[in-house]
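K.L.:
Full structure from sequences and hints, please.
Now for the letters of each chain:
Number of protein chains: 4
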Amino acid sequence: MRVSILGGSGYVGGELIRLLLGHPKVEVTTVTSRKYAGDFVFGQHPNLRGITKLKFVPFDVSQITKNSDLVFTALPHGASLSIIPELLETGLKIIDMSADFRLENPNEYDKWYGWSHSAPDLLKDAVYGLPELHRQKIRNAQLIACPGCMATSTILGLAPLIKPGVIENERIITDVKIGSSGAGNSPTIATHHAERSSGIRPYKPVMHRHIAEIEQELGLILKSDKEFNQSIKVGFSAHAVNIVRGILSTSHVFYDASKEINEKTLFNVYRTAYKNEPFVRLITQKVGIFRLPDPKIIIGTNYCDVGFQIDDHMNRIVVLCALDNLVKGSAGNAVQCMNIMCGFPETAGLEFPGYYPL
Amino acid sequence: MRVSILGGSGYVGGELIRLLLGHPKVEVTTVTSRKYAGDFVFGQHPNLRGITKLKFVPFDVSQITKNSDLVFTALPHGASLSIIPELLETGLKIIDMSADFRLENPNEYDKWYGWSHSAPDLLKDAVYGLPELHRQKIRNAQLIACPGCMATSTILGLAPLIKPGVIENERIITDVKIGSSGAGNSPTIATHHAERSSGIRPYKPVMHRHIAEIEQELGLILKSDKEFNQSIKVGFSAHAVNIVRGILSTSHVFYDASKEINEKTLFNVYRTAYKNEPFVRLITQKVGIFRLPDPKIIIGTNYCDVGFQIDDHMNRIVVLCALDNLVKGSAGNAVQCMNIMCGFPETAGLEFPGYYPL
Amino acid sequence: MRVSILGGSGYVGGELIRLLLGHPKVEVTTVTSRKYAGDFVFGQHPNLRGITKLKFVPFDVSQITKNSDLVFTALPHGASLSIIPELLETGLKIIDMSADFRLENPNEYDKWYGWSHSAPDLLKDAVYGLPELHRQKIRNAQLIACPGCMATSTILGLAPLIKPGVIENERIITDVKIGSSGAGNSPTIATHHAERSSGIRPYKPVMHRHIAEIEQELGLILKSDKEFNQSIKVGFSAHAVNIVRGILSTSHVFYDASKEINEKTLFNVYRTAYKNEPFVRLITQKVGIFRLPDPKIIIGTNYCDVGFQIDDHMNRIVVLCALDNLVKGSAGNAVQCMNIMCGFPETAGLEFPGYYPL
Amino acid sequence: MRVSILGGSGYVGGELIRLLLGHPKVEVTTVTSRKYAGDFVFGQHPNLRGITKLKFVPFDVSQITKNSDLVFTALPHGASLSIIPELLETGLKIIDMSADFRLENPNEYDKWYGWSHSAPDLLKDAVYGLPELHRQKIRNAQLIACPGCMATSTILGLAPLIKPGVIENERIITDVKIGSSGAGNSPTIATHHAERSSGIRPYKPVMHRHIAEIEQELGLILKSDKEFNQSIKVGFSAHAVNIVRGILSTSHVFYDASKEINEKTLFNVYRTAYKNEPFVRLITQKVGIFRLPDPKIIIGTNYCDVGFQIDDHMNRIVVLCALDNLVKGSAGNAVQCMNIMCGFPETAGLEFPGYYPL
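Protein chains in written order, with the working numbering: chain F, 1 to 358; chain E, 1001 to 1358; chain W, 2001 to 2358; chain R, 3001 to 3358.
Honestly, the hints are just simulated from the structure, not real lab data.
Any given hint could turn out to be false.
To be verified - Here are the simulated lysine-lysine pairs, DSS-like style, with alpha carbons at most 25 Å apart: (1) E:Lys1053 - R:Lys3055; (2) F:Lys66 - F:Lys53; (3) R:Lys3025 - R:Lys3066; (4) E:Lys1286 - R:Lys3066; (5) W:Lys2204 - W:Lys2223; (6) R:Lys3066 - E:Lys1025.
The structure presented is a predicted model; accordingly, all values stated were derived computationally and were not measured.
P.N.:
The following block contains the structure:
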């Protein structure tokens, strides 16, 4: 299958290229970049030296249409919106990495992003590209809106708890720690090494944009279950920590003490939810330094490690969810969506187990 | 004043020696270490090369009594308990860095520490050494029990909110991130560089021992205020991050929407609490990468930086509190207690403003 | 082909397992560990969770013989020596990761290692496992002695310069920087995170053991070239820097100003040496932050990146050579040797291009 | 004494302000910044929150003249040159942190910096501000040109060896490792956290500008000693490593085997050179992780730690020299020069011993 990547010079683009070059069913025909058109791809992605002679080219819709069966768009938020409607008309399958098509309700863009969506009619056709929640819809979609990296780690940690109605859905706290690659590859004072190292910077304690998609997706689970009458509220706070890759989402939720919540019942809840998922691992060791999810262990892979502990001192469940923001948090998850859309084995091109330590 | 340090070979001991060598009113006469007796102090604390010719000596209670007006004990948890009763009888003032005298109720040691306290009668005489809460009692105490480093950052962030009765006291979440020096200087696989770097390790999501003292201290505030009838419950989860020094406590609390909570009222609450505190800084910038507390900014100093943001999406306040675990979190705070006990200027020996960046 | 790994609980063992599990021609039948016998392999190598159900077993020579066509020994230095003679008699092919068979002259063990070699007769049969120098001999060897990680980076940087006789062979300086994984996974104060982070520690400025094999191998090149009458002297100094994986060897050599040394001639020297090497990349960009070798770019891969700059101010060539100490520096290089010995494609199981950034 | 700082928004400026605010003899009257004029100084230097209410002001030569007895210029290289001639005429003492007046020979600017010096007559009046070499001249100077940070670490390591004529002066290799703060506080792709972390980047293997001043200063020592007839050649290569502050210079020099060079004689050479120096410490431990200089130990201080090891395998001396690029490498050293110029105790304001670990 011939694939194009629009906006391939960033970190997400680089991971997409790496994964697709190693994919058994895919040929990367085109990688666009306005800024680096004419340069070798390995000039921006030095790990690809000697691996590919691809060059960046300018965006040209007719070339894309001619050379592609499927297109990934790894453009800045907002830029996808100006290109995707035209691409959709060509009939191409599109997997968009931006936030531009993630929210079903166009009003949410006004609220969380501060701009009005210019193609609200398309929102209902876009499928939120989280295979663990929407595998069936992804199979038949033309347009996939890939989740935000921190949204993925938060949703995958919490989703199994929403279903059985065990927790206070309006009192969910998610405290996220993320590495510097999540900020992209444009240098700013916030990502300057001397400023970003050696600290723990709370950069968005309230009103982070990923809340919109987290509440949307967890809310959909609630709605599907008739016994509930609650909405979802997630108190989400993001911290920049001194690593390059990786996210740990620590969700703190309160459970109803009258329900039977213990390690065994909770383990069953998670096991039921994820036992057939190829990329979600339930971490259940009692001892050792790897007994709980840590992004260090899954960097470079498409895995999402999930674990939990129960705090009966105050009827709290702590859910820990670790992933690589550039793989399961974006490029790897996008390839997983492609595999589903195209009928490839879901793990194709995503088998790398990670190395340790790093 | 002549001062001895019992157990001076660890990181807390090293910081105590550094601070006391620079203190205008203090002479360090004795530093004990079983393991390093006979060695130069700078052999363990290389920053003190050329600064002091002190040597470690073995513990000898008669020597300590003869050469000291005040004693700091920086011994492992449990070891203080076997020495302090004897030292108290000599009439010496004692500032203990361990957890052995922090809890008023001896049963709490059984619950949280898993051992029975051997000198329960002494607990009521020990003063919890947090100047911001107990300055008056510290002034007249013979035995100070210095707080745990993560307890300090949690309590100082939350204490002002407990007073006016604005938050749900049984639904407090504190998500803590701490550097590796908090684990002391004994190598283990958990602190091995190749294992500890590049990750975010949730090492104690529930039932951390510091919860006992946090709930004790915040509970005392509640009790002092008759209008309340609630207890305190803190859901405290600790994460090891890729820095050496520093703690950030992120507390998430829910406020009563019927109360008038906004940036201004909250700022006043904190300002009232801390305006005369020499080491608590309220961080209130609107923009820039330093707008919220970050341990990077206060490393090496006795400052505790406190900030907050209000999340009216779900009636949540996020309180951020940053400090250096080895200074305000232990050795610096202990020196502050000494200054209060001895009538020295409270900031004596603690004026270092920190350097930036690090 | 059935393969066993003796001593599989360390970092090198973990990388061997990872690489061999992904190898198309190999089945890992046995992984031994005295300490962890009975435990799952993924208990020590958390990246292998969900990838393998292998368990560590105790060492048993008859089992190894029965279940293996080839054996990797990743035992501590010295331990290989007590096992390999017996294994050789069974006819098994052996790839040894330790230093025990690297040196041809048994006296060198007395000089550099401080112990006398107990099987000096076997030394002449062992082949130094650096494919770029000894591919032909590796093909036919029964016993491979894999190079030290820092020796590999030093030799691969310098070897092409030795041949044409351009440099002062007795005045070679190699200044090496290495990450903490090179010290293995046994915690010591030297590798304690709080001690090892944030510094640059010169840990072996003179008389590092790898000098013995570097001088042996570069000396062999000299000897093979009749026009020389010099010996090789390498001033090798090792520094521990604040990363987990990776080595950069910076070699400073002096060239004879009467010879025509310029960027073009030198480029040809290196290109001639390495143009057919699957894992040595010559880095020749003029600009950008990737213009010279940096271990960051090759972590996780079997690549060795080589570059150079000429300093005509003092007739110096600076050669830079970067590799991952656990891959091309040990486990990956060992797999490359296996591929050569067994007639597999030389890159089999070693195709991972690395991800970026990390 | 009233002091002004021109260009106070960078990292060197911030350290100057920190040190001068704590200096017992100095009042900081003015800190200029074009970009941040009107803002609080602590807005750029967050460690100074609550320490000073100073604001940045625009540069105004008449104000500077009126309010200052001495001026520090911490301007970008090149900018000092356009201001200092005018300031000199006012009679003010000036301590310049840039490279603009370091080189005695104006032609060297053409060679190493690529521009022609516009005030070559002033060069002979400027004193190279390294107290260990030029204390007497500094005392009487009006204009001090502070050394480059890597030049300081290289010169202080090598200077004692130049004097007695023991080494090959045209074959000196200095391999330098430096943290990211040395690049200043302007974000670029080279200092972007995701790019700068986790690697070892050789960024200037040949022709680094600091060579000019190193060879000038070591050459002056040679010239002063009549028995020599050699010039100095330093092969200097700079590497960016994964720390924020600190420099380690590893110099490799060859000694004449006919001279009696051993640990004792060399120790005497260094001890003779530095025994009265308040900020140079000779590190001579035989064992332990602190046996050799490491920048980790001196960060935040004005110390320069020097050590060495002898390699009689090839008649090499390895000299290790560690300092904090922003303190002894610039701002601290500048304050030391001020103390000498003004007759203050040389250590005034520079007593901070550093904390450990960091």
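K.L.:
Does W:Lys2223 lie within 25 Å of W:Lys2204 when you go C-alpha to C-alpha?
P.N.:
Roughly 29 Å separates the two Cα atoms, so the pair is violated.
K.L.:
With a cut-off of 25 Å on the C-alpha distance, tell me whether F:Lys66 and F:Lys53 pass.
P.N.:
The hint holds at about 21 Å.
K.L.:
For the pair we were handed, R:Lys3025 and R:Lys3066, check the Cα-Cα distance against 25 Å.
P.N.:
18 Å, holds
K.L.:
Does R:Lys3055 lie within 25 Å of E:Lys1053 when you go C-alpha to C-alpha?
P.N.:
The hint is violated at about 42 Å.
K.L.:
Hey, E:Lys1286 versus R:Lys3066, does the alpha-carbon distance stay inside 25 Å?
P.N.:
Measuring from Cα to Cα gives roughly 35 Å; hence the hint is violated.
K.L.:
Is it true that the CA of R:Lys3066 sits at most 25 Å from the CA of E:Lys1025?
P.N.:
39 Å, violated
Against the hints set out earlier in the document, violations occur for numbers 1, 4, 5 and 6.
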